[in-house]
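**Q** Based on the sequences and whatever the hints tell you, model everything.
One-letter residues, chain by chain:
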Amino acid sequence: MKITVQAWRQNHRNAEGRFESYSVDNVSEDMSFFEMLDMLNNQLILEGKDPISFDHDCREGICGTCGVMINGRAHGPLSGTTSCQLHMRSFKDGDVLIVEPWRAAAFPVIRDLVVDRKGFDRIMEAGGYVSVSTGGVPDANTLPVSKKNADLSFDAAACIGCGACVAACKNSSAMLFVGAKVSQYALLPQGQVERASRAKNMVKQMDTEGFGNCTNTSACEVECPKEISIVNIARLNREFVRASF
Amino acid sequence: MKLVNPSNKRKYDIIVVGTGLAGGSAAATLAELGYNVKAFSYHESPRRAHSIAAQGGINAAKNYPNDGDSVYRLFYDTIKGGDYRAREANVYRLAEVSSNIIDQCVAQGVPFAREYGGLLDNRSFGGAQVSRTFYARGQTGQQLLLGVYSALVRQMNAGKVAFYPRHDMLDIVKVEGRARGIVTRNLETGEICSHSADAVILATGGYGNVFFLSTNAMASNVTASWRAHKQGAYFANPCFTQIHPTCIPVSSEHQSKLTLMSESLRNDGRVWVPKKAGDYRNPNDIPEEDRDYYLERLYPSFGNLVPRDVASRRAKEMCDKGHGVGATKLSVYLDFEDVISRKGKEWVSEKYGNLFDMYRQITGENPYETPMKIYPAVHYTMGGLWVDYNLMSSVPGLHVLGEANFSDHGANRLGASALMQGLADGYFIIPYTIGDYLAREKMCTVKTSDDHFLRAEKVVKENLEKMLSIKGSKTVDDIHKELGKIMWEHVGMARNKVGLKKALELIPKLKEDFWKSVHVPGDMNEYNPELEKASRLADFLELGELMARDALHREESCGGHFREEYQTEENEAKRNDESFSYAAAWEHKGSDSVPKLHKEELDFEEVDLTTRSYK
Ligand SMILES: Cc1cc2nc3c(=O)[nH]c(=O)nc-3n(C[C@H](O)[C@H](O)[C@H](O)COP(=O)(O)OP(=O)(O)OC[C@H]3O[C@@H](n4cnc5c(N)ncnc54)[C@H](O)[C@@H]3O)c2cc1C
Ligand code: SF4
Ligand code: FES
Numbered sequence: 085m086k087i088t089v090q091a092w093r094q095n096h097r098n099a100e101g102r103f104e105s106y107s108v109d110n111v112s113e114d115m116s117f118f119e120m121l122d123m124l125n126n127q128l129i130l131e132g133k134d135p136i137s138f139d140h141d142c143r144e145g146i147c148g149t150c151g152v153m154i155n156g157r158a159h160g161p162l163s164g165t166t167s168c169q170l171h172m173r174s175f176k177d178g179d180v181l182i183v184e185p186w187r188a189a190a191f192p193v194i195r196d197l198v199v200d201r202k203g204f205d206r207i208m209e210a211g212g213y214v215s216v217s218t219g220g221v222p223d224a225n226t227l228p229v230s231k232k233n234a235d236l237s238f239d240a241a242a243c244i245g246c247g248a249c250v251a252a253c254k255n256s257s258a259m260l261f262v263g264a265k266v267s268q269y270a271l272l273p274q275g276q277v278e279r280a281s282r283a284k285n286m287v288k289q290m291d292t293e294g295f296g297n298c299t300n301t302s303a304c305e306v307e308c309p310k311e312i313s314i315v316n317i318a319r320l321n322r323e324f325v326r327a328s329f
Numbered sequence: 012m013k014l015v016n017p018s019n020k021r022k023y024d025i026i027v028v029g030t031g032l033a034g035g036s037a038a039a040t041l042a043e044l045g046y047n048v049k050a051f052s053y054h055e056s057p058r059r060a061h062s063i064a065a066q067g068g069i070n071a072a073k074n075y076p077n078d079g080d081s082v083y084r085l086f087y088d089t090i091k092g093g094d095y096r097a098r099e100a101n102v103y104r105l106a107e108v109s110s111n112i113i114d115q116c117v118a119q120g121v122p123f124a125r126e127y128g129g130l131l132d133n134r135s136f137g138g139a140q141v142s143r144t145f146y147a148r149g150q151t152g153q154q155l156l157l158g159v160y161s162a163l164v165r166q167m168n169a170g171k172v173a174f175y176p177r178h179d180m181l182d183i184v185k186v187e188g189r190a191r192g193i194v195t196r197n198l199e200t201g202e203i204c205s206h207s208a209d210a211v212i213l214a215t216g217g218y219g220n221v222f223f224l225s226t227n228a229m230a231s232n233v234t235a236s237w238r239a240h241k242q243g244a245y246f247a248n249p250c251f252t253q254i255h256p257t258c259i260p261v262s263s264e265h266q267s268k269l270t271l272m273s274e275s276l277r278n279d280g281r282v283w284v285p286k287k288a289g290d291y292r293n294p295n296d297i298p299e300e301d302r303d304y305y306l307e308r309l310y311p312s313f314g315n316l317v318p319r320d321v322a323s324r325r326a327k328e329m330c331d332k333g334h335g336v337g338a339t340k341l342s343v344y345l346d347f348e349d350v351i352s353r354k355g356k357e358w359v360s361e362k363y364g365n366l367f368d369m370y371r372q373i374t375g376e377n378p379y380e381t382p383m384k385i386y387p388a389v390h391y392t393m394g395g396l397w398v399d400y401n402l403m404s405s406v407p408g409l410h411v412l413g414e415a416n417f418s419d420h421g422a423n424r425l426g427a428s429a430l431m432q433g434l435a436d437g438y439f440i441i442p443y444t445i446g447d448y449l450a451r452e453k454m455c456t457v458k459t460s461d462d463h464f465l466r467a468e469k470v471v472k473e474n475l476e477k478m479l480s481i482k483g484s485k486t487v488d489d490i491h492k493e494l495g496k497i498m499w500e501h502v503g504m505a506r507n508k509v510g511l512k513k514a515l516e517l518i519p520k521l522k523e524d525f526w527k528s529v530h531v532p533g534d535m536n537e538y539n540p541e542l543e544k545a546s547r548l549a550d551f552l553e554l555g556e557l558m559a560r561d562a563l564h565r566e567e568s569c570g571g572h573f574r575e576e577y578q579t580e581e582n583e584a585k586r587n588d589e590s591f592s593y594a595a596a597w598e599h600k601g602s603d604s605v606p607k608l609h610k611e612e613l614d615f616e617e618v619d620l621t622t623r624s625y626k
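Residue numbers (the numbering used here), protein chains in the order written: chain A, 85 to 329; chain B, 12 to 626.
Since the hints were derived computationally from the structure, they do not count as laboratory data. Just so you know, not all the hints are guaranteed correct.
Claimed, not checked - Here are the computed lysine to aspartate or glutamate pairs in the EDC-like style, where the Cα-Cα straight-line distance is at most 20 angstroms:
1. 232(A) - 361(B)
2. 286(B) - 301(B)
3. 231(A) - 114(B)
**A** Set out below in structure tokens:
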């Protein structure tokens, strides 16, 4: 099939951006969306033009490196799917794909479709851990965890830190990301000691980074490739309130 | 072993390159001990690394299921699984610390799978008859790496780790013969810069991407190891490559990588092909009696859970004999019908749901209804920089951890053992052994404004400028794909003298072609992914040649290294312990010279060398 890609081009952080249009022939259904971009880039390089920069690594939906807006949807049209896992069989001949980077003040563009998500790391630094050092910990089975809580904790821990929730949210809120981490620990016995300080410090850092607040539109949950539930935001709110009194 | 006094540790700077499981755990633990750590990764964050993609699990000799596991058994299985080409002492230590790793991860809040009683669950993996694999659904690597990341951000917050994201290490710097620093390129700005320290640790992962197509992450590469090799670090057993039996088959020329379907699936999935060659019926229309469950037939005691090298070769053989299925006829079935009818779809989805979803996303087929099609793919590299028992390379002060070293897996790695090794190296081994090095050596002070550093920076810059100046007619990927084809055909799953000699002719020619016709767009002082790729490919081209040379010299078959000339009547690998019971450590002798082979003889005191049998 033939696909038209309208991609955001921006040379560096402070450069003006613009859309450019490219047409890609001979796209096969079995190709992933990124393999289609690879093909386009190969073509651009041989024409002496600049290829389109995009972030990716595992191409299996687990590392969280990739992430683009496709026709206004974070990670494209499929639910529960990262950009790298999207295959061209989701599109049809003649489709026009508008491809943009995540748009959020807290995620400045580095080049083209690549953004800077260091804000997420700084939120994690503020409290996304249990303060144990290596060595001297008890035997793993001295600490039973109910299967129910272990499973809920896992569901939250499945977040890949891609930032789609922020990009999808009209307020650029990072509450789903933060809620997932706070929940993972709040549901486990290991997380209890620092439960209050963790919630407070992570929320504080989230505000400092310029992420917006949650107004319950659920766009994040819809676009999250790991289907992290918005229940985690409710839990974050509870944890935060609990920590503040 | 010598120790560094607690209050003296803060006087030492340590550089850690790579923040996957091995490097991240090392960086965090060294910082907890008081060292000043500078950690580097070409990724944007230590939460990203190839380690995150590990699916199946991590081994530990906990013996929680009470099925007879022990430190000795894990040690024995690992030595045997590696086809007796690993160093006994290292493997024994690995088995000893394995249990501590699980304790550590649980204390950090890693959500391992649990039973209804609240205790940890285990499953089995290939090459073992006990259940010793801990797992977190199909995302064990992710959860372990996020655990490492949490320990690391805690130290970043405490100011003990300075993390340099999007920094590509392009050389090591030696002063008075010792590793004292590195040269990096900031991938966002293009700035070339050096960093100094008292010791350098490389934990930069494996080099499977020399084959272009592999299950490794796109950016995984050999550059850090290769540049260290050129500075004097021996490269050991480079030809020992693991081909994983259960991957989604190649679908077209545009394929950019291959996706693994975890080995854990072989716990419940059954591998088969049609009995009759050329039987192209829909798999669901092929009745039981026309199916050949060849692994169960050939290996009644291990069945579908034979080690990876064995399972891969049998799959290739079946396809070579015309029993292959799917559009390319280069795949076999992995069937879950049996377990779905025994335990129900829900049970299967609880255990393997994410893998099934991944399969469906990639192939468009539903594995709950029709069997998966799988084929072997390059997955892991047992070879790597040579290290001593303390994980130090042949360059004093340069230590190597994780998949980047050669230490523990011999000629074949067992499933769920790489995560174990990475974390053992980082959490429990290097924190002790590096103290021994630091306490023994009297170090001069170095500054990055010294000549050594300035010269190294200049070499790095010139190399990149040269690549950029060619502006030829082929893209980096074009050439990388060509290299991949040569490697797969001649240095792949089955090797022979003629093919390896051919590879030794073709690879240098391709290297020449690279330096004549590659087209790298853009320039050095900007974010330029093509330049990153080109610089990595240049090293892969040199490594490929060494792999072929190593495979040619090893005139035996062992584990993942299968030389067609050396096989038993049953087509199993035939070792030659008399002549090849050693680790082959290659020393670089300059770009135009033949590398020099050093042999580290392997002494087996605890286990008897036998022919592996999984019947
Ligand atoms: C799909 C898949 C599934 C797997 N499943 C399992 C499993 O179930 N169980 C198991 O035990 N093993 C598994 N493995 C193997 C295991 O995941 C890896 O061997 C292991 O994670 C490697 O860890 P590492 O820390 O050595 O390297 P990596 O995780 O590869 O980390 C390398 C680090 O080095 C950095 N780096 C590299 N070069 C440079 C440079 N030049 N400059 C700066 N930084 C650099 C990278 O940025 C990264 O941070 C699997 C592998 C794959 C491919
Ligand atoms: S919550 Fe979902 S969308 Fe947000 S970072 Fe995590 S995985 Fe991505
Ligand atoms: S590239 Fe890793 S999640 Fe998409």
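**Q** Flag every earlier hint the structure violates by its number, smallest first.
**A** No hint contradicted; all consistent.
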